[in-house]
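Enquirer: Sequence:
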Amino acid sequence: MMLSSGPVVAADGPDYDVEVHLPENQMKKSINYWWLNVKPGTTQRLSLTIANRSNETKVFLVSANTAITNSNMTIDYSKSNKEATPFLTGKQPFLISDVSDVNGTGKNTQQMTVKAGQSKKATIKLQIPKRKVSGLVLGGINVSEVSPSHQDNQAINNVFGYSYAIVLQESKKIPDPQVKVASMRFDTQMKQFTFEAQNVTNSLAKKIQVKAVLTDSHGHKVATYEAKEATIVPQGVVKLLLKNKDEAIGKGRYKFKVTLSGQHLKNKTVTRYITVQ
Numbered sequence: 001m002m003l004s005s006g007p008v009v010a011a012d013g014p015d016y017d018v019e020v021h022l023p024e025n026q027m028k029k030s031i032n033y034w035w036l037n038v039k040p041g042t043t044q045r046l047s048l049t050i051a052n053r054s055n056e057t058k059v060f061l062v063s064a065n066t067a068i069t070n071s072n073m074t075i076d077y078s079k080s081n082k083e084a085t086p087f088l089t090g091k092q093p094f095l096i097s098d099v100s101d102v103n104g105t106g107k108n109t110q111q112m113t114v115k116a117g118q119s120k121k122a123t124i125k126l127q128i129p130k131r132k133v134s135g136l137v138l139g140g141i142n143v144s145e146v147s148p149s150h151q152d153n154q155a156i157n158n159v160f161g162y163s164y165a166i167v168l169q170e171s172k173k174i175p176d177p178q179v180k181v182a183s184m185r186f187d188t189q190m191k192q193f194t195f196e197a198q199n200v201t202n203s204l205a206k207k208i209q210v211k212a213v214l215t216d217s218h219g220h221k222v223a224t225y226e227a228k229e230a231t232i233v234p235q236g237v238v239k240l241l242l243k244n245k246d247e248a249i250g251k252g253r254y255k256f257k258v259t260l261s262g263q264h265l266k267n268k269t270v271t272r273y274i275t276v277q
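For the sequence shown, full-length UniProt numbering assigns the number 277 to the last residue and increments by one with no breaks.
Take the hints with a grain of salt, since some may be wrong.
To be verified - Label pairs and their computed distance ranges (CB to CB):
| no. | residue 1 | residue 2 | range |
| --- | --- | --- | --- |
| 1 | 53 | 277 | 55 to 61 Å |
| 2 | 171 | 211 | 32 to 38 Å |
| 3 | 276 | 90 | 19 to 25 Å |
| 4 | 53 | 209 | 38 to 44 Å |
| 5 | 261 | 191 | 26 to 32 Å |
FYI, nobody ran anything at the bench for these hints, they're computed from the structure.
Positions of the beta carbon are idealized from the N, C-alpha and C atoms, including for glycine.
Let the hints inform the model, and build the full structure from the sequences given.
Expert: Here's what the structure looks like:
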């Protein structure tokens with residue numbers, strides 16, 4: 001299964017490359033991101049090389065982050081711990097960002113300067129906690145160019161970036177995913193109905209199909225949501241928004257129905273009746 005490998009944002013194309021170096025404990029040899037068999041209480045070392053093909057010195061931000069699934073049903077490796085928290089159940093075994101040390105700084109991020117036409121290697125050390133994990137822990141490494149005018153505060157120049165997944169696996173057997181439908185409600189500020197899809201296991205929930213329909217007291221559809229072939233990260237929480245058909249949602253009683261299915265998931269349907277005052 002492809003998680004993320006290579007460029008994530010592009011305009012006119014890159015003038016730098018990133019090469020990932022896969023260690024001996026790589027479980028899936030045909031991919032160019034890290035899917036590693038690790039042991040509790042050990043240190044895992046990762047590395048990559050940044051090649052600056054331009055004719056000027058560039059500064060890059062290398063960061064190791066925890067993976068989330070965002071509201072577009074896309075896996076995102078760019079969030080800081082604070083930004084990632086609303087997208088997680090809080091029951092994940094550990095966060096990749098908490099156990100990462102980039103280039104011996106003791107932090108999960110570091111700026112690297114690479115001169116024109118040269119290459120530089122980045123090393124990322126992961127300190128695997130001693131407590132054994134049943135399932136997967138998912139994160140990613142981002143390499144992004146830092147705008148020259150914002151190098152002091154690490155602002156990113158969103159012209160081009162690379163992102164590579166890190167999947168840590170300690171045991172051969174992975175539990176089946178369980179995805180719950182929760183927090184079905186009317187958002188009074190946005191004037192739209194929302195709900196959450198929560199993966200409450202340490203497994204990847206794959207090939208997720210979600211369909212939500214809101215009907216009024218006459219049985220007319222007034223708002224819908226649909227997603228196909230989505231993936232929810234382990235212990236991921238995704239807030240989803242129904243799109244109103246025509247007019248804004250008015251007062252009344254509504255039937256809110258969500259159906260959900262996916263690979264290794266039992267099909268489920270959740271129905272709520274919600275009154276908008």
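Enquirer: Does the Cβ-Cβ separation between residue 53 and residue 277 fall within 55 to 61 Å?
Expert: Holds, since residue 53 and residue 277 (Cβ atoms, about 60 Å apart) stay within the stated range.
Enquirer: Looking only at beta-carbon atoms, does the pair residue 261, residue 191 fall within the given range of 26 to 32 Å?
Expert: 29 Å, holds
Enquirer: Does the beta carbon distance between residue 276 and residue 90 stay inside 19 to 25 Å, or does it fall outside?
Expert: 30 Å Cβ-Cβ, so the 19 to 25 Å window is violated.
Enquirer: Using the C-beta atoms of residue 53 and residue 209, is the stated range 38 to 44 Å upheld?
Expert: Between residue 53 and residue 209, where Cβ atoms are some 42 Å apart, the hint holds.
Enquirer: For the range 32 to 38 Å, tell me whether the beta carbons of residue 171 and residue 211 fit it or not.
Expert: About 34 Å separates the Cβ atoms of residue 171 and residue 211, which means 32 to 38 Å holds.
The structure does not agree with numbered hint 3 stated previously, though it agrees with all others.
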